[in-house]
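Chemist: Protein chains in written order, with the working numbering: chain D, 1 to 450; chain Z, 1 to 275.
Simulated from the structure, these hints should not be mistaken for lab results.
Treat the hints loosely; a few may be bogus.
The calculated lysine to aspartate or glutamate pairs, modelled on EDC-like cross-linking and capped at a C-alpha distance of 16 Å, are [as the list claims (entries may be wrong)]: (1) D:K203 x D:E172; (2) D:K389 x D:D354; (3) Z:K243 x D:E294; (4) Z:K161 x D:E289; (5) Z:K163 x D:E309.
Keep in mind that this is a model prediction, so the values were computed, not measured.
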Amino acid sequence: MLLSVLGLSHKTAPVEIREKFAISDRALAEALRGLVQRYGVDEAVVLSTCNRVEIYTVQRQVASGTRGDVCDFFGELSGLERGLYNDYLYRFVGDQAVRHVFRVASSVDSMIVGEPQILGQVKEAFHKAMDCGTTGLIFNTLFSRALAVGKKVRTETSIGRSAVSVPYAAVELARKIFGTLGGKNAVVVGSGDMSETTAKHLKHAGVENLFVVNRTHERAVAMASQLGGIPVEFNSELEFLVRSDIMISSTSSPHFLIRKSALESIMQKRRNRLLFLIDIAVPRDIDPEVNAIENVYLYNIDDLEHIVEKNVQERRSELERVELIIDGEVTKFLHWIASRDIVPTVRAFRAYLDDIRRLEIERSVKNSHGFTHEQLLQIEYFSRALINKISHLPTAKMKQHASTGKGFSYCELLRELFELKTDDTRPSRDTNETSTDPPVSPSMNDAPKR
Amino acid sequence: MVDTILYICATFSLVVTFIATLRLLWTKGETPNRIGIPAAWVAVGCMGLGLLVNGLQLGSFPAATLKDSLLLLSFFLIATNAVVIAILRFDLLAAILTPCIILLNIMSLSFDRLVKAPSAESYLQSAFAVLHIPFFLLSYALFILAAGIGILYIALDYQMKNKSYLRLFNRFPPLMRMDHYTHRCITFGFVFLTVGIVTGWLFAQQVRTMFSYMDAKVLSSVVLWLYYIVYLHLRMRIGWIGKRTGYVAITGCVLIVIAYVSGNFLGVSNIHGYQ
Numbered sequence: 001m002l003l004s005v006l007g008l009s010h011k012t013a014p015v016e017i018r019e020k021f022a023i024s025d026r027a028l029a030e031a032l033r034g035l036v037q038r039y040g041v042d043e044a045v046v047l048s049t050c051n052r053v054e055i056y057t058v059q060r061q062v063a064s065g066t067r068g069d070v071c072d073f074f075g076e077l078s079g080l081e082r083g084l085y086n087d088y089l090y091r092f093v094g095d096q097a098v099r100h101v102f103r104v105a106s107s108v109d110s111m112i113v114g115e116p117q118i119l120g121q122v123k124e125a126f127h128k129a130m131d132c133g134t135t136g137l138i139f140n141t142l143f144s145r146a147l148a149v150g151k152k153v154r155t156e157t158s159i160g161r162s163a164v165s166v167p168y169a170a171v172e173l174a175r176k177i178f179g180t181l182g183g184k185n186a187v188v189v190g191s192g193d194m195s196e197t198t199a200k201h202l203k204h205a206g207v208e209n210l211f212v213v214n215r216t217h218e219r220a221v222a223m224a225s226q227l228g229g230i231p232v233e234f235n236s237e238l239e240f241l242v243r244s245d246i247m248i249s250s251t252s253s254p255h256f257l258i259r260k261s262a263l264e265s266i267m268q269k270r271r272n273r274l275l276f277l278i279d280i281a282v283p284r285d286i287d288p289e290v291n292a293i294e295n296v297y298l299y300n301i302d303d304l305e306h307i308v309e310k311n312v313q314e315r316r317s318e319l320e321r322v323e324l325i326i327d328g329e330v331t332k333f334l335h336w337i338a339s340r341d342i343v344p345t346v347r348a349f350r351a352y353l354d355d356i357r358r359l360e361i362e363r364s365v366k367n368s369h370g371f372t373h374e375q376l377l378q379i380e381y382f383s384r385a386l387i388n389k390i391s392h393l394p395t396a397k398m399k400q401h402a403s404t405g406k407g408f409s410y411c412e413l414l415r416e417l418f419e420l421k422t423d424d425t426r427p428s429r430d431t432n433e434t435s436t437d438p439p440v441s442p443s444m445n446d447a448p449k450r
Numbered sequence: 001m002v003d004t005i006l007y008i009c010a011t012f013s014l015v016v017t018f019i020a021t022l023r024l025l026w027t028k029g030e031t032p033n034r035i036g037i038p039a040a041w042v043a044v045g046c047m048g049l050g051l052l053v054n055g056l057q058l059g060s061f062p063a064a065t066l067k068d069s070l071l072l073l074s075f076f077l078i079a080t081n082a083v084v085i086a087i088l089r090f091d092l093l094a095a096i097l098t099p100c101i102i103l104l105n106i107m108s109l110s111f112d113r114l115v116k117a118p119s120a121e122s123y124l125q126s127a128f129a130v131l132h133i134p135f136f137l138l139s140y141a142l143f144i145l146a147a148g149i150g151i152l153y154i155a156l157d158y159q160m161k162n163k164s165y166l167r168l169f170n171r172f173p174p175l176m177r178m179d180h181y182t183h184r185c186i187t188f189g190f191v192f193l194t195v196g197i198v199t200g201w202l203f204a205q206q207v208r209t210m211f212s213y214m215d216a217k218v219l220s221s222v223v224l225w226l227y228y229i230v231y232l233h234l235r236m237r238i239g240w241i242g243k244r245t246g247y248v249a250i251t252g253c254v255l256i257v258i259a260y261v262s263g264n265f266l267g268v269s270n271i272h273g274y275q
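Okay, chain D solo, but in the shape it has when bound (with noise of 0.2 Å):
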């Protein structure tokens, strides 16, 4: 059996490159069924996103050329000559195509790592591929251990507990100040990328309403339609502020916008409601005597790029951790997949020796018609003794390489040297199969069920 990746992403192939690959949701159910047909793969699970489109296989019965193959894959899905992506491709093998979909799942090789949507996407995979019946024992399991890895590795590290964008960062600030953000109003002032990304974090956060204010009323209509806001009049008494828990501001007036005295009125107003102000202006909108106010927490650009650059560092510090977590559970996929091989081929081979064992006892017993009893006991001792010995390196050696990607091979070897057939010696894809094994680890109770 042959488990493994092959595909391109943001670390091998600039966007230019992965844009020609990109499989399409109407398009990847005919690349999944196309891969079973044509390629002769057994298992298949297609990974779509914006950063990477890898294509995971599993083949039971080990053809030369299998990269060439699905290579060739490559070529039908961007039209290209092999020549021109060849050099982007990446292919992993056996341990290593499970550690890569463990890490894939778990964010760590993603362009901004501890991304929560890449699990997401996985999982989104992974599902299309069960519906279009290509994945089977080994898929179901390994995608469900990988969605599983994925979270244990959100709930045990902070690799994706910060925000590591300003726009989040603002969003996050927000909640440690209110909790949730249901029920609370948030303003936008003047406009520009940064504001109107931050407003829509907000409001996809759960903030309630969305005011916006732009001394050009025209200009806040616009926005406000477009953010699925509410246009406000600005005025320069900043009475939007007393409906507001949240500002952020980004005018280009070469002034400040919001000075203390005149927060101070809004304050009393407010009846000392907290008010989070963002400023994201520069030249700033916000006098920063503001953030000596009670209640009011007031932060700039540089504010927020810092907490930035303090989470990315942090993410970075917990990579440790999570390859630690991700070795555990590799190990652990690759004896249950060792175990599930080893043990029916150990058996097969041993029951082989067991049946040549008896047919040469009955056949010389029936050739020499003078052993005596003790004598048949003698025999029987003797021939389970030698095969026994016979059996002992192979069945040894097997054991001892189950955890690494060597033990397929071992098991391929003595299945083909001695014809052995085993229960799972399936000549074709079976699928819709699902794991009667018992769970590698508990958390393979969170593999999804569908």
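Keeping the supplied structure of chain D fixed, place chain Z upon it in accordance with the hints.
Modeler: Just chain Z now, kept in the frame of chain D:
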């Protein structure tokens, strides 16, 4: 003997809670406090059972000695601590409260000789006394909890204002949530304190001969009551929220300590004193 074993079990469970909570805070993940939460409830159970056994043995409400009174306070603190860990999930607060309660328990178990004066057993049969003492202690527990949350609030507010973050920054609950719970604890504490004062007054009518209105504990309780009613009024009228609530809660906690110490040790000649 059985009650002492149960108190020791409760203390041991608290130690487990403390270690589990510290471990959780040390790790950066988001795993729930799987050991700390059950251990906190076990502590509540052991402590409650211990008090019950003690009460059955005495045949009266278990508040006759300073040890019993402190253990009763400890019980309410343990219960509020369990709520903090299991329901509010304020692990950081639990990490501050739990060692304090462990110390209180150890201290309580070492006070064995001081007895309430005079003839405590006789008046602890009164229904008003049985209501008066737990309501007072429950209000104290809530005020102490409010002070704990207030400390966390002020610490987080400082970090956010100065943009200088502690390693445990992510473990702090949101400011507004902390303000909300500080206020709630004070409000409920105030209600229980009021009930405690009223039942105490009713009880005083029954045992007029043993009671003086110049009792240090009575005076300090009235001061405490006035203090919190002024706060509640200011909160309602001019919006005293945030850091001010935190300061109010911390000052209130100091007043409680004064009330407790003055009531129990400075008024030895009256009903609240120990000798």
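Chemist: Work down the list of hints and note, for each, if the structure agrees.
Modeler: Hints and how they fare:
1. D:K203 x D:E172: Within the cut-off at roughly 13 Å; holds.
2. D:K389 x D:D354: Holds: K389 (chain D) and D354 (chain D) sit about 12 Å apart, inside 16 Å.
3. Z:K243 x D:E294: Answer holds: K243 (chain Z) to E294 (chain D) is near 8 Å, not above 16 Å.
4. Z:K161 x D:E289: Roughly 11 Å separates the two Cα atoms, so the pair holds.
5. Z:K163 x D:E309: Roughly 13 Å between the alpha carbons, so the hint for K163 (chain Z) and E309 (chain D) holds.
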